[in-house]
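*Asks:* Sequence:
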Amino acid sequence: MLKSMYLIKVINRCVLLACIVVFAQGCATNPVTGRPEVALSESWEINAGAKYHQEILKQYQIYEDPELQAYINDIGQRLAAKSERPDLQWTFTLLDSPQVNAFALPGGYVYITRGIMAYMNRESHLAGVIGHEIGHVTARHGAQRAAQQQLASVASVAVAVGTGSGDLLQLSQMLGGALMSGYGRTQELQSDSLGAKYIAQNNYDPEDMIGVIGILKDQELFNKEKARLEGREVQGYHGLFASHPRNDTRLQGVIAAAAEYRDASQPVPDDGRFLRLTDGMIFGESESQGITRGNRFYHKSLDLFIRFPEEWRIINQPAELVGVAPDGSQVVRMRMAPNNSGGNIDDFLRSNFQGFRDGQRIQLADGEAYAGVATISDQRTRQQQNVRVSAIQRGDQRLLILGQGKSLPTQNFFSTVRSVRGLKSNEKMLASESKIRMVEAQAGDTFARLARQSSLSDYAEQQLRLINNAYPDGEPVPGTKIKIVD
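Per my numbering, the very first residue in the sequence shown carries number 12; after that it's consecutive.
Treat the hints loosely; a few may be bogus.
[To be verified] Derived DSBU-like pairs: lysine-lysine, alpha-carbon spacing no greater than 35 Å straight-line:
no.: 1; residue 1: K93; residue 2: K435
no.: 2; residue 1: K93; residue 2: K311
no.: 3; residue 1: K228; residue 2: K435
no.: 4; residue 1: K435; residue 2: K446
no.: 5; residue 1: K237; residue 2: K439
no.: 6; residue 1: K237; residue 2: K93
[As the list claims (entries may be wrong)] The following label-pair restraints were derived from C-beta to C-beta distances:
no.: 7; residue 1: N58; residue 2: G455; range: 24 to 34 Å
no.: 8; residue 1: P337; residue 2: A61; range: 18 to 28 Å
no.: 9; residue 1: M440; residue 2: D484; range: 25 to 35 Å
no.: 10; residue 1: T386; residue 2: S340; range: 50 to 60 Å
no.: 11; residue 1: D282; residue 2: G225; range: 19 to 29 Å
In case anyone wonders, no lab produced these hints; they're calculated from the structure.
Ideal Cβ placement from N, Cα and C applies to all residues, glycine included.
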């Protein structure tokens, strides 16, 4: 009992010390609520946002469409100008990612993926998502989370961190995974409310935000079913409505309350600009990042083909390609070796991997590989782990492949390494990206028939219904504009 009381006193002193540390760095008035809060300063937000903006741009490519980028920036700047923090240097960026996501960094950095835009059908849908992310910045949710993390760290309280991205791990720790998993229902609802207010102040109908809930919820349901069939975890967009059921009365209440900020006599017309600008937008993976089809990967500009074992799932990340066994027991990763990694491939492995041993040369169809076993430190468990590594040389191209698992991968690793080659002439089309195209629905059109004509290889019918807001069983209406994927 006395020992427990002593521990409580120690913890209380640690928490008090943590509070002093955080308050010393800055305790500010929240610009949304007008109340004082434990949060890091605005200068911290600006500096942290600028720093991690550069990390985001290392992980994701900017979508190369100046007109679409300008369109998103124009909407974002108009919404931010009506917010409680109009003086921030707001930056709005469209990322070349098929992920259905949007997120914000402290200091005024907002990101939209083309993946989430594919499922929208009008400008007000996009404005609602951007407004929600602006709300996270104006309400200083990132600064609050960072301050809470410092409190927890000093007090030695365990904090869950959720993104798993190596280059963004520090940012994930700072925000506690909020970029990907959300800030909790209270803060998400506050951002919903702020987003509805901002779009209403710009004369969009806040009720159009209800339209986004159906679109994103249907996509979420499809993604969950797809993940179940593929035996993997699902990750959806954390933000707008994600923490609410479709009929959440609190959500409907904050949206209805935003109507008072709108001048209904001057509504923003739906002139179809959103659909015109997204006509021709890439759908799914882009050629610049490579195309996955089942357990096969095709990259046109790199003239690269790689095949993972049957039933393995491929995760195409900006920095590396990851193959995962069906039961998750083995992983094979591939990435480009640094441009300055000169010398022979066997020397490259020996100089870059601790305790490299059991080296062997492997002849490939149009190159050579050298493989062996090395010991690495697991950043998560801080334990030593044996892995298989291979360097592949194809002309001026050098690849690095790493295999790890509960047991040292052998057959699956070597079969993957041996599969690496250039593209065959009949595979060039498989390495081509798909694009959204607007067409007029004809009599007799069905999504099943359109799916058979589509370049989509997986779940084509369901995906066409989703991007046309016709999921799960809607059909095209003759004479109306619909999206197809070529």
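*Asks:* Next, verify each hint and record whether it holds.
*Replies:* Results of checking the hints against the structure:
The suggested pairing of K93 with K435 is violated, with an alpha-carbon distance near 54 Å, which exceeds 35 Å. Between K93 and K311, the direct Cα distance comes to roughly 45 Å. Violation of the 35 Å bound is thereby established for this hinted pair. Of the supplied pair hints, the one linking K228 and K435 is violated, its CA atoms being roughly 40 Å apart against a limit of 35 Å. Distance restraint check for K435 and K446: the Cα-Cα separation of roughly 23 Å lies within the 35 Å cut-off, and the hinted pair is therefore satisfied.
Restraint check: the Cα-Cα separation between K237 and K439 comes to about 27 Å, which is no more than 35 Å; the hinted pair holds. For the hint pairing K237 with K93, the CA-to-CA distance comes to about 39 Å; that exceeds 35 Å, so the pair is violated. The hint said 24 to 34 Å for the Cβ distance between N58 and G455, and at roughly 59 Å that hint is violated. For the pair P337 and A61, the beta carbons lie near 42 Å from each other, so the given range of 18 to 28 Å is not met.
Taking 25 to 35 Å as the suggested C-beta distance range, the pair M440 and D484 conforms, at roughly 31 Å. For the hinted restraint 50 to 60 Å between T386 and S340, the CB-CB distance of approximately 20 Å leaves it violated. Range check, D282 to G225: about 22 Å between beta-carbon atoms, so the 19 to 29 Å window is met.
Comparing the model with each earlier hint shows violations of hints 1, 2, 3, 6, 7, 8 and 10; every other hint is respected.
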